[in-house]
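Peer 1: Chains as they are written, first to last, in the working numbering: chain A, 287 to 548; chain B, 287 to 548; chain C, 287 to 548; chain D, 287 to 548.
Pair by pair, the computed Cβ-Cβ distance ranges are:
{"id": "1", "chain 1": "D", "residue 1": "D522", "chain 2": "C", "residue 2": "P323", "range": "54 to 62 Å"}
{"id": "2", "chain 1": "B", "residue 1": "K300", "chain 2": "A", "residue 2": "I305", "range": "46 to 54 Å"}
{"id": "3", "chain 1": "A", "residue 1": "G442", "chain 2": "B", "residue 2": "E412", "range": "57 to 65 Å"}
{"id": "4", "chain 1": "A", "residue 1": "N310", "chain 2": "B", "residue 2": "G442", "range": "38 to 46 Å"}
{"id": "5", "chain 1": "C", "residue 1": "E447", "chain 2": "B", "residue 2": "K495", "range": "44 to 52 Å"}
{"id": "6", "chain 1": "D", "residue 1": "G318", "chain 2": "C", "residue 2": "N516", "range": "52 to 60 Å"}
{"id": "7", "chain 1": "A", "residue 1": "E464", "chain 2": "B", "residue 2": "I333", "range": "22 to 30 Å"}
{"id": "8", "chain 1": "C", "residue 1": "R356", "chain 2": "D", "residue 2": "N429", "range": "38 to 46 Å"}
Selected chain B positions facing chain A (Cβ under 7 Å, derived; list incomplete):
{"id": "9", "residue": "Y341"}
{"id": "10", "residue": "K344"}
{"id": "11", "residue": "T346"}
{"id": "12", "residue": "L347"}
{"id": "13", "residue": "G367"}
{"id": "14", "residue": "L371"}
{"id": "15", "residue": "S397"}
{"id": "16", "residue": "G400"}
{"id": "17", "residue": "A490"}
{"id": "18", "residue": "M504"}
{"id": "19", "residue": "E505"}
{"id": "20", "residue": "Q535"}
{"id": "21", "residue": "K536"}
If you're looking for bench data, these hints aren't it; they were derived computationally from the structure.
Since this is a predicted model, take the numbers as computed values, not measurements.
Idealized CB from N, CA, C, for every residue including glycine.
Number of protein chains: 4
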Amino acid sequence: MLKEGDFIYLYNDKATYMIPFQKNYCFSTHKGNIRFPEELEFGDKLITNMGDEFYILKPTLADYMMKVKRRTTIIYPKEAGTIILELAISSGKRVIEIGTGSGSLSLLLSSLVGESGKIYSFERREEHLENAKKNVKKFGFGNNIEYFLKDPLAEGGFGVEEIDSIFIDVPAPWTLVECAWQALSNGGHIGFLSPNIEQVQKTAEELHKVGFARIRCMEILSRGIRIKKNLTRPFDRMIGHTGYLLFAQKVKKGNAELDFSI
Amino acid sequence: MLKEGDFIYLYNDKATYMIPFQKNYCFSTHKGNIRFPEELEFGDKLITNMGDEFYILKPTLADYMMKVKRRTTIIYPKEAGTIILELAISSGKRVIEIGTGSGSLSLLLSSLVGESGKIYSFERREEHLENAKKNVKKFGFGNNIEYFLKDPLAEGGFGVEEIDSIFIDVPAPWTLVECAWQALSNGGHIGFLSPNIEQVQKTAEELHKVGFARIRCMEILSRGIRIKKNLTRPFDRMIGHTGYLLFAQKVKKGNAELDFSI
Amino acid sequence: MLKEGDFIYLYNDKATYMIPFQKNYCFSTHKGNIRFPEELEFGDKLITNMGDEFYILKPTLADYMMKVKRRTTIIYPKEAGTIILELAISSGKRVIEIGTGSGSLSLLLSSLVGESGKIYSFERREEHLENAKKNVKKFGFGNNIEYFLKDPLAEGGFGVEEIDSIFIDVPAPWTLVECAWQALSNGGHIGFLSPNIEQVQKTAEELHKVGFARIRCMEILSRGIRIKKNLTRPFDRMIGHTGYLLFAQKVKKGNAELDFSI
Amino acid sequence: MLKEGDFIYLYNDKATYMIPFQKNYCFSTHKGNIRFPEELEFGDKLITNMGDEFYILKPTLADYMMKVKRRTTIIYPKEAGTIILELAISSGKRVIEIGTGSGSLSLLLSSLVGESGKIYSFERREEHLENAKKNVKKFGFGNNIEYFLKDPLAEGGFGVEEIDSIFIDVPAPWTLVECAWQALSNGGHIGFLSPNIEQVQKTAEELHKVGFARIRCMEILSRGIRIKKNLTRPFDRMIGHTGYLLFAQKVKKGNAELDFSI
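Please take these sequences and the hints and turn them into a complete structure.
Peer 2: Here's what the structure looks like:
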C-alpha cells in the first residue's frame, strides 16, 4: 500500500505527472480530475471524471530528473547515465557539481553516493539555488548534499579537498579547471557538459595545460522507437543535440599527455 | 599511496590495461615492460623499457565493465547508463539480472545497490557463470550478488519475490515475461537489451499481454569526438548498433494499456 | 536580369518563399509586403514595408522539392540524393515512380533524366495526381513525364517494359514487386522508401522470392550544424526518421541470392 | 546482350568488382577465377572455379564513385547526393570542382550535367590529376570535363565566369572563397566538404565577409540495416564521420546577412 507522501508517476501515453500520494486528494490533469482513494498501490489505474485512464507507477531515476521544476536547462538522463559511469559515481564517493542549476543531476548524484557519500553543489545565482534545493528535497533526496551559493573562481577555489569526482556545467568551464585540479584527489575524475564546441576546445586545452590526462569527448544520442504491430519505426522527431561531454583524469603537474597535441 | 591489490587503469592513447598494483611487479605491455616501484600514486607516469609512457589512473565504472574477461557479448557503458536510470537502480534496491554473461553489468549493479541492496544473477551456462564470478570478484565487487546456475523458465520461475527491478538479456526474452511479472513488486521496473527488432516486437507484445504498461523502446548512440587544434571532428568509425533497449513497468493483471495497440 | 516567370527563392533566416518573378508585383510575406521592381537580379536584397530583408536567390533542387504544395508526405532531399545514386538516375534513363504523391520526387527525376529520358509516374488517387501535375508544371519541369491514374496491381502491371529504374513509395510495396520485375530491364534497379520496418521485411522477402539480388537497406540522417562564433553546435532538434530505403537489382528468375537467408 | 567494354558490377555478399566485359576473359577474384562466356546478360550468375557465385549487375552511380582507383580520400555517395541537390546540379549546368582528387565526384557531375553542361575540374598535384582522368575515362564519363593542373589562388582565380555552382574540397577552403565569388553567376551555389570543424568555421566567416548568404552546414549519416528473418538490425559498425557539408549562395557585395552574427 502507498503511504501518504510517496511519490507517484501518473502515466498515460498523452500526459505524465509526478505527485505525492494523499488520500482523498483531488488532482487536476489536462484530461479532467482524479480523486485519490483511501488505499492505492503501484500498478493500479485511476480514471478522471472525463474518462481518461492514468497508471499509478513507481518513478524511475530519469523521471525525477525530468520532473524538477525548471529555471535552467537541465541535465538529461541520456547524458546523466554516461556521466555516472565515466565519473565513477557510486556509494561513498565525494563529488563536486557546479552549477546546481535546477537540481536534476544533484538528486541523481545524491541518490547514488548514498549516506556514506557527499555532494558539494555550487551555484552562483540565489534564485536557482533555492529552486534546486526545493526540487531535491521535495522528491526525498539531498541529505548528503551541501549547497554553496558561491563563485569558486572569485573566492579562491572550491574550499574542499581530496574529491573523487567533479562535474562542471557552466558557460565558461575552462576557468574552473585549475580550481578543480586543486580540489581533486590524485587520479580523480572530471567531467563537463557544454553545448558549444568552442567551449570544449578551450576546456580541453586548459585541461592539458593544468595537468589532466585521458582527455576524451563524446556526444550521446537517444533515439526512441515506436513498437506497434506493422507500424514499428523510430519516432519522427528526436533531440539532435543537448551538449558535448568531456572527461579527463587528474595527473601530477608536469605529467602532460605528450600525444595530445593541442 | 596505492596499496597492494588496488586496481590501476594503465593508460596511454595506444593501449590500456587494468591490473592490480603489486610492488616490484614487472608487467608486460605491447610496448615493452613496466616495473612497478615500491611507492606509486594515481596520477603518476611510468615508462616501459622501450620508452613508452603510461599513466596510472583510477578506473571509471565504465573501465571495469570494459575490462572483464569476455566469453560473451557484454553490456556496454552507453546502454548501462540508461539501464540504471530507467530501472531506478540505487542504494538498497533488490534486482534480478539474467543472463549473467561475462558479469560486466553485474559488477555495475553490485556497485550501485551497495551493502543494503541485493543482486540475483541468473545464468544457464556454467562456464559463463564461473567466468563472470571471477571477473566480478577480481575487481572487488559482488558481496551483494547471489548467483544462480539455473533456467528460470524450466524451473518454475525466479524463486524470489518483491523485486524492484529486473534486467533481461537473453536470446528469447519474451519467454521470461510471465516469470518476471511474478517476481516483481507492484509498479516494478523491467528492462531488456536485444540486438534484433523481432525480439523487441515479440517481447513488447508479451509485456502488453501479461500486465505491463509504459512500454518504451530506444537505442543509444555514442559518438566520440576528437578534440585537437584545427583537427576537431567526430572519429571516423563508430558503433552503429549494439542493441535495442526496451523498458516497462508492472501493473495489475487486466490493466492492459488500452492505447498500446499491438 | 530576371525574366518574368523565373522562380525566385525569397530567403531570410526566419522565412522562405518560392515565387515567380513579376515586375511590380506586390508579394505578402509574414513580415510585411514586398514590391518587385522593374529590374531584379539574383543576389539582390529587397525590404518589406515592415523593414525585413529578403535575399533573391536561385532555388536549389532541394528547394523545389520542399516547396511543392503538399497533399501527401513528400520525399525529402536527404533520401532523394541517395535514391538518385543507387537507382543510377541520369540523362536518358527511363524511370517508373509510384506513387506520384505531391510530385516532389517527380520533378527531381524529370530534371535529371533530361529530354532524352522518360518518367512514368503512377498514382491511384486523382486529387493527388492533379496536385502533383500542377506542382511539377508550375516549377517548369515535367515535359518528359507521362502520368498514369492507375493501380498497376489491379490492371495487370505497369504496361511498360525495359525500364532502367523503378522507385516505389506506397503503403504495401511488396505487392508491386512482381509487376516491377516484369517492367525492368535485366540488372535494372529498384528502390523503396517505407516508414515502417515491417514493410521493409515483407518487401525484402518478396524481392528475394521474385528474383532480385543485392538487397540492401539503409536510413539517412541529416544533422544541421549551427556555425556561429563561440556558439557552434548541432541544432537542438532533428528529424529522427522519415523512412527506410531499400534497394535491389533484377536478376534472372531462379537466380535467388543463396546467402540472403530470409 | 552485353557488348565488349560494358562495365559490370560483379557482386556477391563477400566481394564486389567493377570490370569491363570481355568475351572469354578470365578474371581472378579472391574466391577463384571466373571465365566470361561469349554471351552474357545483366542478371546472370557466374561461378568461380572454387564454387563461389557472382551476380552480373548494372553499376549504380554510387558504384562508379566507390570503384575509382584511390590516391586520395574520395567523396562518398552519402554526401554526393546532398551536394547534387543543394548545388542544383542538372542537365546543362556549368560547374567548377576543386580539387579533382581521385575523380569520384567528377564522374558523377559529368554524368549529371550531360552534353550541354560543362565541368571545370582543378587539381594542384599532377599525379592525382592523371589518376583521376584515367578513372573518369575508364568508366566512360568525362567528355564534358575540362581539367586544370593549377592552383587558382596562385594564378589569379579560376579563369572562368558565370559559373552555376562550385564545389570545393581542399585543406584550406576559405582561401578560395573570393575566387569563387568572382567565378560564380549572381545567386550561384557554392558547397564545401571539410573533415574538421575549424575549416568550416573559417570558411563560413569568409563567406559572410566576401558576399554569400544562406550559409548552412550539415552532416549526413548513413546507417545500414541488415534485413534477415528474426535477425533484423542495424549493422554493428558504421561510418561515424566523413566531413561537414557547408553551402551558401552568392549575393551582391555589401549584401551581408545581417543576422549571421559570426
